[in-house]
Structure formats: C-alpha cells, structure tokens
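Asks: One-letter residues, chain by chain:
There are 2 protein chains.
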Amino acid sequence: MTQDLATADSGPTRPRRGGRAAKRGNTGSFEQPPFRRLVNPFTPTRIVSEDELEAIHLASLRVLSEIGVEVLHDEARAIMKAHGADVRADTQRVHFDPALILEYVAHCPSEFEVHARNPAHNLHMGGNSLILAQMASAPNCSDLDRGRRPGNQEDFRNFIKLSQMHNIIQCQGGYPVEPIDIHPSIRHLECLRDIATLTDKAFHIYSLGRERNLDGLEIARIARGVSAEQFASEVSCFTIINTNSPLKLDIPMMEGIIHMSRHGQAVIVTPFTLAGAMAPVTIAGAVVEQNAEALAAIAFAQMVRKGAPVGYGGFTSNVDMRSGAPAFGTPEYMKAQLLGGQLARRYGIPYRSSNVCAANTVDAQAAYESTFSLWGVVQGGANMVKHAAGWLEGGLCCSYEKMMLDIDLLQMVAEFLQPLDLSEDALGVEAIRQVGPGGHFFGSPHTQARYKTAFYSPIISDWRNYETWAQAGSPTAIDHANRLWKERLAMYEPPPMEEAIRDELDAFVERRIREGGAPTDF
Amino acid sequence: MTQDLATADSGPTRPRRGGRAAKRGNTGSFEQPPFRRLVNPFTPTRIVSEDELEAIHLASLRVLSEIGVEVLHDEARAIMKAHGADVRADTQRVHFDPALILEYVAHCPSEFEVHARNPAHNLHMGGNSLILAQMASAPNCSDLDRGRRPGNQEDFRNFIKLSQMHNIIQCQGGYPVEPIDIHPSIRHLECLRDIATLTDKAFHIYSLGRERNLDGLEIARIARGVSAEQFASEVSCFTIINTNSPLKLDIPMMEGIIHMSRHGQAVIVTPFTLAGAMAPVTIAGAVVEQNAEALAAIAFAQMVRKGAPVGYGGFTSNVDMRSGAPAFGTPEYMKAQLLGGQLARRYGIPYRSSNVCAANTVDAQAAYESTFSLWGVVQGGANMVKHAAGWLEGGLCCSYEKMMLDIDLLQMVAEFLQPLDLSEDALGVEAIRQVGPGGHFFGSPHTQARYKTAFYSPIISDWRNYETWAQAGSPTAIDHANRLWKERLAMYEPPPMEEAIRDELDAFVERRIREGGAPTDF
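Protein sequence lines, in the order shown, are assigned to chains A and B. Residue numbers for the first sequence follow the UniProt record's numbering, beginning at 1 and rising by one. Residue numbers for the second sequence follow the UniProt record's numbering, beginning at 1 and rising by one.
The hints are simulated quantities; they were obtained by calculation from the structure and are not laboratory data.
With a cut-off of at most 30 Å between alpha-carbon atoms, the simulated DSSO-like pairs for lysine-lysine come out as follows: (1) A/Lys486 - A/Lys452; (2) B/Lys486 - B/Lys161; (3) B/Lys161 - B/Lys452; (4) A/Lys306 - A/Lys248; (5) A/Lys452 - B/Lys248; (6) B/Lys452 - A/Lys248.
Which residues of chain B face chain A? A partial, calculated answer using Cβ under 10 Å: (7) Arg46; (8) Gly329; (9) Leu338; (10) Leu339; (11) Thr361; (12) Gln411; (13) Pro419; (14) Glu424; (15) Val429; (16) Gly436; (17) Phe441; (18) His446; (19) Lys452; (20) Arg464; (21) Asn465; (22) Ser474.
Heads up, incomplete: computed chain B residues facing chain A, CB under 8 Å, no partners named: (23) Ile47; (24) Ala59; (25) Arg62; (26) Ile283; (27) Gly324; (28) Phe372; (29) Leu420; (30) Thr476.
Quick caveat: nothing in here was measured; it's all calculated off a predicted structure. Heads up, the beta-carbon is just placed ideally off N, CA and C, and yes, glycines get one too.
Given the sequences, and given the hints that come with them, work out the whole structure.
Replies: Given below as structure tokens:
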C-alpha cells in the first residue's frame, strides 16, 4: 500500500482490448466518445401530481413567511430589507412574504451558456441539457496501490488531469481532493491556477470569503482572456451555496452570492437537507425545507442582481437512523431527486443533482448506489451533475478507481441518451431478408458496415467468459479501474494556453500569494 | 473453496445491525418488507415518438408477410393454415398477412390474475403491475465458499428455499440452476414437485416437449387443489417461449404454446434477439425482428385459443463484437427495454423484461449492469422481471451472493415505487417550526415517531464510517451477501400443504417417474 505511483506505473501498460490498443497511436490519445453537449431526450419522470407539487411549494412558502431564515450577514440582511423582506433590528431572523419570493424567483434565467477558456468546451445549463462535473471537496483520496490518505497537491493535480483527459467530465466542480499540503490562505490561488492551466474546461469557485471569491473570478477572467465587461456578461464559472440547514444562511455564503451574482457568474444553491438530521425525517418534509432554503437564497441572488444566473440544487437524502451517517443512492434519495426536479422546473430554474454513494470501496455497493443516483439524475431531469466522478464514502474520499468506474457509468448514461437510429436501413428489414430464418448476422454486410461503432465499448466491464476470466486471475472491476487510471494518467498532456495569458495569470497569483492570500483564522 | 456449507454456516450468526437482531425472534423470521403486489406509479419513459413506433411496427409486419417465419411443427403449421396464414405444402416457411396478425393479436387479454397455491401470493400481470420472478436456467451455480460448479439438486433446492423466504421474489421463473444429478427424463418431475412443495408461489413450466408441459400442468393443478375446469379458467403457471432467432419456431415451443394455451395458462413469448448475432446489429433492427417473432408466436397462441393469456417478452441486447458474447445491462439493452415496452403497450399485452448482467462475479460490474437493467425495467414499464435474482455470467451461473445482492436491489426498487407520504404531517412545517434555524431533527417528536420505519434498511449496504469498516476487515458487498444467504437459508421453513394434496402430488410424480418420465434422446 506504500508503493508510489511511479513504481506502480512502471510496468508495461497492457491494454485489455486489441481494438483500443490498435487505435491508440500517439501519447495522449485513447478511445473515448467525443466531447459533446449532452441532451436528455426523455420526459422527466413525475413522482407527484401538480396538486401535490403545489402543496409542497405552498408549505415551503409558509416556512419562509411564518418561520423565516436566519441570515448572519449584515449587508445581506440590509439588501433583503431594501427589497421588501421582513427584517427587524433586534434579530437575524428574516421573514419573506410569499409574493416577494415569487416576484424575485421569476427573474431567474431558465437557461444560460457556460463559457470555458476553450470554447469547444462551452456548456449549456438548463432546458434538457445535462452537464457533468468532476467530484469535489473530499478531504481524503485513495487508490488500490497506496490506500487511503489525506489529499495533497500531487493527488489534486492527478484528478484534475484525469478530468481534463476524459471528455465525459465536462467541467470542474471544485477541488476533487483538498490538498492539505498547501496553506489554506493561498490554497485557492494554487488550486485555481492549476485548474485554469491543467484544464481548459469551466470551473467552480468556492464561496469561502470575499477574497477567495474575488481571486477566483479574476483567475477565471484572465484564463479566458476577456475584459471585465465581457466576463460579467458571460457565465464562466459557478459556485455552490450549501445552506446551513435548517434555515441558516451564513456569512461566506452570502458573500459568495453577492460577489458571484454581481459579476454575472452562476450561483447554484444546494441545501444540505438530510432527512432525519438537518431536515424532517419524511422525504416530503425534507424537500419542503430544501425548497424553502433554495428559494430564499435564489431570491436573494435576484435581489443582488435581477437576472443573475442561478441553479436549484437538490441534495436531500436520508441518514442511517442508527448512526446518523448520511446515506446516498437510496430509494429515498431517488424520490427526492425526482421531486426536486419537478420543483426546479416549476420555477423554471436549471436543476443540479449528484452522483453519490456511501460505500467505502469500489464494490457492488458503490456501483449500485451510484447507478441509482444516475437513474434519479436522468429521470429527474437534472441539468447538472456534481460529484459525477470519483465520489466515495459520502464524499469523504475521492477514489482514483471510483473515478474510472464513474467515467464508464457516465459514458454509458451518455450513450443511453443518444437517439436511436430509426432510418430505413437501421430498421434492417433487408438485412433480415438477406440472413433469413435460422441464419446469423455476424458476417452480414449490414453488420460488417456498422459493427465497429454499433455499440458503446465499456472501459471497465469484463465480458470475457468465466474460464478465460478465471485464467486471467479473476480481476474484478476495481482491478480494471486501477490499471486504467495509471495507463491514462501517464498519457496526460496539458491543453495549450497563450503565453501572455499564462504570464498574466502567474503574475496575479504570485502577487496575491505575496500579499498573503485570504485571511484565515489560524 | 472446498469448505462445505455446514462448516461454513456453523459459526454464530452475527447480525450486523441491532435493529434487525432485536426484531429477529423465532427461527424463520428476519426483517423484510411484506409480500405485496408491486405497482409502478411512473409513466413509462418513451424512447421513440408514436410515428417512429409505427415505423417499427410496420417493419415487423413486413418481415412477417414478405420474409415469413420457419415453423418446424406440423400441427402448428396446420393450425396457422386453418386460421388464414400462408402455409404452402413444400416448405416450413409461413407468411402472415399484417391484417391476420393484428386480428389475432387483438384477442390478447391486457391483464390477468396469476394464482399461486397460497392465494396470498397471487399476482397481477399487466397494467402497471410489476411481478418479480427468480432467476432460471443456469447450468452452473457459485458461492464464495465452494466456488463455481455445475448445479445439483441440493443447490437447486437451496435457491428455491431462498426465493420462498424472500417476499420480494414473487414467483419462480424456472429452475434457478439445472440439477444435473437428476436424469433429464424425470428432472421436471422432481424439480416441479420441489417447487410446488418448498414454495407456495406461482411458477414456470419449461416447454421442452409435450410430456413435460402436461406433467407440469398437472403438478400445478394438484398443488392448488383445484379441478381441471377451475385450473383451465385461472392462470396458475406460465411458460417462456424463446423463439429460435432469427425467425424460427421449433417443435418444443409450438408444443408449449399449444398445451399451455389450451389449458388457459400463460405463454410469454421472448425472442432471443442479440443485435449483431441472431438479429441486425442496429437496436432498431433487432427490435423489429424481436417484434416480428413475438407477434407471430403470440398470434399463434390466439389461434390455439382466443383470449389465451400471453406476455410480450423483450430480451434484445447487444453482443461484444470482439467475441460474440452477449452483453447485458448496457445502454443498448436499456434502449431495447424502453422500446419493447412501448411496443407491448401498443398491442395491449403485458410486458416481460429481465434483471441481467454479463459479470463473472459480484463486483461493481454485476451491480451496475443489474441496476441499469432494473432502470430499464421500471422506466420501460415492464410487468414481469424474469431472472430478477441470482443471475451472473450472461445467465450461465446462478450465484448465492448475487441472489442476496439482487434481493436488496429489488427491495430498493420496490421502495422507490412506494408513493410518497404527502400528508400535512409529512410535509413537516410544524416540525420545521419546532426545530427552527440551526437546530437538528434527531430528537424531535416528528422524527421519534417515525424513524424506525422512515427509510428502507438495506441488507447489503455497509454504511459504517471508513475507520469502523476498515477495523472490521474491510468487508465488501460480496462478503455481506455471503454471510446473509447462509444466515437466512438456515432459517428456512417449508410452507404448509394439506396432507391429501401432498399425497396426490407424490402419487402423481412417483407414477410418472415409474413410467420413465419424458422421452430423451440419450
């Protein structure tokens, strides 16, 4: 478990399949579907009727008007008061009239473009688009060779590189693992410089205080090479606002909303409403609370700037009632995913969900919890999937092997979303006529013309027969994933960046590091 | 791997959770959701438009009229001819006019009741009902202790017992594993007697020649203790008819349809149309062929007896184009599941799908392929899931551990299908008011009143934190499954059966064994 990566990767990389090996020419290339904007062709699955949805909506509005929300940030309360919220001098509790919430929520754009520094990696948020974002915020990482340990800069960079290389990971969702060897005061500078240079996809900025937001915005602007005016008119990055459930909005969150919205960047509000812990034990009740918190923060973003791009995040799940530990990918989680989607669409706001699990290793549990999550994503009509690749242990660990497993799962989901070919030739009547009863299609011209691209070719699934598989040492999915991430990481090549932009970026980051970065309380 | 079951099971059974242990009193009891008729509350997901569906339908009818089907059974061809099919003297090829197909398919009942010998286990087929049937027809079985080996009577009985004990497995789908220690001539007699006595749920009869069908029908009748007249008027068992794709209907299949339909029992026609092997390499083309074959056999059942209960089975999947091996739980499989469902509903016929995978062991692959299959089942609006528990290796192996994994997956899917509680109390506004901003719900009365039953409690998922899990030896899902099946199998108790019925059943089976059972060609 202490073998280092260089050693672990020093053996010959043996591609499992001739097809892929044959196509793999130069360094940096391997067989994968192209980068593409994903569109979910399916009508989202409704879990409640329109009347039932309205009951949840109205209950959330009652929570906001009768119970209210605690807002710890003075300027935010002042903004809310100036826009008509019930803010009193002697308390942080803010009450919102239902009509006020609805008035401001109505300003949310239903769709917007997300600009990456490489325009080929621009994305669309909302409608029936689906964006897949890399896992974020794990304190630990793990792989089969070196076991589980706190994250460092090398692991951070490895995950970033892997996400850049794989087309199915369409943007960064934050730091896949926290690099604890970088001091928190300058961590955001080092990490965002890495993200902005090692990848050319859109990314997330943490809302952890004013300085980090503003530094992140400037790094995103420089990386795109655009003016402040153009930057403010095009979404180029996003932040996740996790409310302090129940019903609290803290200072860094409010700072995040204020600065991101003022700069025209996306705010995705995601209450962390675990049923039975920070929210009612019923899924309906937890979603009522999720919805109330989301509406409060989203309305606030619109008070800061009408038309500010926002997302509606659903993260409601249940807990293990024996231990209080969060559970993910459960039936309750799926129900909350579908319900959250119906609510987000009711308000016309893009919907964010996640690919999550509670498993401790890349076993059957990790796979079924993640696949159930993706089921909820697709059928719930989610527009963005955070934590799409790498997530283990309820988010406490980013796993190299899980990342490869998730890449395969995401590629399969993306393939599921591709429209069926229903051309006359695809319907195959002539091919069936030619082969006739009792024949076979292996060698038919219809098959020969299509077989190389007819089906998605998975990267993890082992389809060898039992005997061949057993002779090969009975490798399981985690073994294949372990081989794959090392093979692929070794092929990483950084995306090009103009020298002037690189210089400007370095100058900014170095200056801010010299200035001490962001204040920390330790 | 050679440790025998008795030894493997001799240690104390240590339930992983206090909650279950506390509720587990007498032998034969463990915590599980009750036996219930499952209803899928979701609108099935459409993968093609009505126009596109019509194009597939019309292409299938062209196949049946222009290309035709080879029918190897003389009486069947005579029946087809008598009912208007184009049957010529010098060939086994039968052509069907589209109008003729539609005329007979219109006689199919859209829904019917399935009667078990225990009426509490009766099921409903069709509409938005969902029936889950045990895995069938594996030549091999496996468990972690004893490895993989050909099936025998003890394994066969173990799987039957496990399916009887678990409410989520609602009927038998055939022999979970073939007991090769029983001679084929009498295997059906021994196996069906076991199924009829060790379980009290409805079951499947193999269509492997006239004698086996008739023996199976008589065993089903005796087990229910009903007259031949009552038996013929109530569906009590079913048979799967796998056409010899492409476009061939062999003698045992035609015998099966004739005898099952004449006796009022259900015939579920399931073409085995692997895209790229026995069917066109395009999913649309493979489904055109599936649909043509299904319509031919279903129309034939209606020629045998108008109103005969039937099911429309979809089994279309892709193959590994490198090896020709079938793949399951793939994006292509899911697309075929959704498309098959749309076709079955177009004809108003109950739809059968499956829970299948190509994995060789109970790893992440087995879990994601199976969960993708179940996704297709639910969103495709399937009414019956064959191979719901135990399936590995594309059907070549029934695994004890996979069976437990699938039981958990099925129980989760069943929980997902339960309606949300949207009562005023469940919406939780008062609970949210009571806890207030920044509080927690663990100890609130709203939580206390509900926490024991609020969430589905999985049997495989390990939700302990990493440290506790690692201290316990880092067990993976397959380890939990291994412990579970042994714990549970040890609790098996046979369902009651009236002595007179048992005597009649034994007398029939013993007489048929003395007579030599069914003819075999070896």
